[in-house]
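Visitor: One-letter residues, chain by chain:
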Amino acid sequence: MTMSDAVIVPAGPSGAGRPPTEPIRILLRLTLLELRRSPMPLMLPLVAALFWFDALRTGENLPAIWAQRASILPNHVLPDVGPIAAGMAAWAGGREQRRGTGDLATSTARPRWLRHLASWGGALGWTLLAYAACATAIYLLAARVVLWGGPPVWPITVTGMAVAAFCTTGFVAGVLLPSRFTPPLAALGTLFVSILVFQSALSADHGVTLLSPNNTVPPLDWGIFHPVPPDLFIVQTIFFAGLVLLLLGALGLIGSGHRLRTAIAVALAGVAACVAGLALASTATRGGDGYEVSALHDAASDKAIAYTPDCTQDSAIPVCVHPAFATDLSGASAAFAPLLAEVAGLPGAPTRVTQIDLADLPQLTDARDRRAYGQFGAWSTLVTGSNGAAVLEYGFGDPNAFTEADTVGYLRSQAAQVVIGHVIAPHESPDPAQLAVELALIRRAGATVDASGAAPDQAVTAAAERFAALSPAQAHAWLAAHLDQLRAGQITPQELP
Amino acid sequence: MNVDIKDVTRKFGSAQAVAGVSWVAGAGVHGLLGPNGAGKTTLLRMMATVIGPTSGTLRLLDRDPGAHPQCREIRRRLGYLPQNLGYYPGFTIAEFVEYFALLKDMPPNRVPAAVASAIEQVGLGDKARAKLRTLSGGMLRRVGIAQAIVNDPHLLLLDEPTAGLDPEQRVAFRTMLREIGERATVVISTHLVEDVAAACSEVVLMNAGRLVFRGTPRDLVARGASVVGDGGSGDSPLERGYAAVLAEARR
Chain A
63 MTMSDAVIVP
73 AGPSGAGRPP
83 TEPIRILLRL
93 TLLELRRSPM
103 PLMLPLVAAL
113 FWFDALRTGE
123 NLPAIWAQRA
133 SILPNHVLPD
143 VGPIAAGMAA
153 WAGGREQRRG
163 TGDLATSTAR
173 PRWLRHLASW
183 GGALGWTLLA
193 YAACATAIYL
203 LAARVVLWGG
213 PPVWPITVTG
223 MAVAAFCTTG
233 FVAGVLLPSR
243 FTPPLAALGT
253 LFVSILVFQS
263 ALSADHGVTL
273 LSPNNTVPPL
283 DWGIFHPVPP
293 DLFIVQTIFF
303 AGLVLLLLGA
313 LGLIGSGHRL
323 RTAIAVALAG
333 VAACVAGLAL
343 ASTATRGGDG
353 YEVSALHDAA
363 SDKAIAYTPD
373 CTQDSAIPVC
383 VHPAFATDLS
393 GASAAFAPLL
403 AEVAGLPGAP
413 TRVTQIDLAD
423 LPQLTDARDR
433 RAYGQFGAWS
443 TLVTGSNGAA
453 VLEYGFGDPN
463 AFTEADTVGY
473 LRSQAAQVVI
483 GHVIAPHESP
493 DPAQLAVELA
503 LIRRAGATVD
513 ASGAAPDQAV
523 TAAAERFAAL
533 SPAQAHAWLA
543 AHLDQLRAGQ
553 ITPQELP
Chain B
28 MNVDIKDVTR
38 KFGSAQAVAG
48 VSWVAGAGVH
58 GLLGPNGAGK
68 TTLLRMMATV
78 IGPTSGTLRL
88 LDRDPGAHPQ
98 CREIRRRLGY
108 LPQNLGYYPG
118 FTIAEFVEYF
128 ALLKDMPPNR
138 VPAAVASAIE
148 QVGLGDKARA
158 KLRTLSGGML
168 RRVGIAQAIV
178 NDPHLLLLDE
188 PTAGLDPEQR
198 VAFRTMLREI
208 GERATVVIST
218 HLVEDVAAAC
228 SEVVLMNAGR
238 LVFRGTPRDL
248 VARGASVVGD
258 GGSGDSPLER
268 GYAAVLAEAR
278 R
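Protein sequences appear in the order of chains A and B.
The numbering used here puts the first residue of the first sequence at 63, with every later residue one more than the last.
The numbering used here puts the first residue of the second sequence at 28, with every later residue one more than the last.
Hints may contain errors.
What follows is a list of derived Cβ distance ranges for each label pair [unchecked claim]: (1) B/Phe39 / A/Leu202: 45 to 53 Å; (2) A/Leu203 / B/Arg156: 37 to 45 Å; (3) B/Ala190 / A/Gly164: 14 to 22 Å; (4) B/Arg156 / A/Ser344: 22 to 30 Å; (5) B/Phe39 / A/Ile316: 37 to 45 Å.
Just some of the chain B residues that point at chain A, by a computed CB distance under 8 Å [said to hold, decoys possible]: (6) Phe39; (7) Arg103; (8) Tyr126; (9) Asp132.
Covered, in the sense of this in silico footprint (three residues per stretch, anywhere, with C-beta under 8 Å from a C-beta of chain B), are these stretches of chain A [said to hold, decoys possible]: (10) 172–185; (11) 205–212; (12) 518–528.
The hints are simulated quantities; they were obtained by calculation from the structure and are not laboratory data.
Here a beta-carbon is modelled for each residue, glycine too, at the ideal position from N, C-alpha and C.
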């Protein structure tokens, strides 16, 4: 028996004496390979279809306000993209086990974590690309119709980070449980989270529920009169970034133990960020234009945003709206013009109709009347101002559900008693004669009388019908001559012409 | 020594796959023969630092694979072709080899040339951009060999490397092995004794987890010749030697 000569081979081109090559360069190159050959592009048609059916079509029907259009990202793009990304990432995460390359890969010098990071990077790259395409489409379409302001950045950031967290969760699930069932379970699990948990958080406004991106669904005029504070967006970004770091760190702790200290540091940084996010969210309080977190809040950002209102002189007095709602100006003018014509020139008649910020309502202490109507129309708050102020509050709904004529008619009817009543009985509930005049003028203006209250008695109805039958000039002349007596309650319905 | 194994055992549960193997090997091509279940693949996996021994000591390239920094140094110089080569169907040949070259910690700027050279050596230069899913079994085996040699390894471990290769490729492969064996330690686990006869300077025969023969191919042939009258079987002298050693070990 012989034995071959034993030789210790000196270090060669890849041997000792060479400093370790930069892991970042290797990681980047591996990630590029993963990006090029990732299965993630297979998800793109599905994402595109979901995006078109859900996010895009919903977004197109929202009012042309940046905050509204941006809310599509967390509320629709996240559940459209996130679960699919999680499922595909789980598929990518289980690849080594599924393809049986474990032995081969384990025998290489670089730690398992690096391979996972590269594979995760490939999955995340395609996910963020898909998300970026969706966000770009939403914002481009919004830019075509939005009249005022600039695109908000924070919804993009928060939703992007949430999508990254979904993708990372799926990937880690795939690594830990490399089964054919893991990808669909990861997709369903994240869908469950995005729809059920996040949506249910809408009904709560404190603590951990504020970490849900869906919790930032804004009222219509958020960011119009005052900037939306970025506080909660920052907290959510911190939390989701922490979640990503925690999962990646945990991935590094699994397996070989190489780079253990780095993995522990990454995981601890993730835990710290998650805890910080939770702690900060628990201190959030609702302000006029969003949530404020005292530790992050910049009081300078509370200042009202300066703007020049868009006004029209089509009616007797200027009707003005915020430039963000300029497309609604003609409708607002059409709604108010007949009402304003009935009282024009009378003492105490409105001099201006102006849209205001709901947050300013408490300051209008002399406001006579406030009425809130939800889910209709395309105007926010309008106030008639003169001789005190009369305020109308309007909610916003789906403008496509109603024709403009419907909306104008509805707004006119809701504004009628405020505008007319503000002139006829500015400081108290109307007496029978005042009520008869109000009803007559409202009817003459083509508005519908609010039938929710008690029906007026016969004398009032008869007087209203008589007064409504007068010509506009006769009615105006009578009011000009008798308005002080009418306001003072010195006229009975029978005395009305 | 590039391979220095002392009393190494490996158990999987109650099953002992490797039972007290000691082996020292330097440069050259070493054939690892043995019947199914003899422990060849387990021994190779230990030498590839995929799994550790249950007991005994293992030193590779004069380093301890159980210590992390040294293990990494070993892996930088290691080439390994597993028995069942897993692969990523969407990768091209060049990308797959590049992927493992990078994982072997090769300097990124030297990787492209090394990849091209390795692919050329296994005769797949004209198919470098072909997706792995389009390749035949023999071609995939050659891709596996390419990734194993891409880092110019000092310890090359090949588990059934010629399975699926046609005769022409097998001849070229043996030539390549002999060239590599002049400067590195090459260990081939195989059932094909003609590969051993043509390429190996040493033969190691395992049975039931134990090393039952160690010598040159000529020594193994001699063992077969000495027992021809005693029940040796096989078509070639080497096969007869193989059978004779196994028969003796099983007594």
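Visitor: Hints broken by the structure, by number, lowest first?
Guide: 1, 4, 5, 6, 11 and 12
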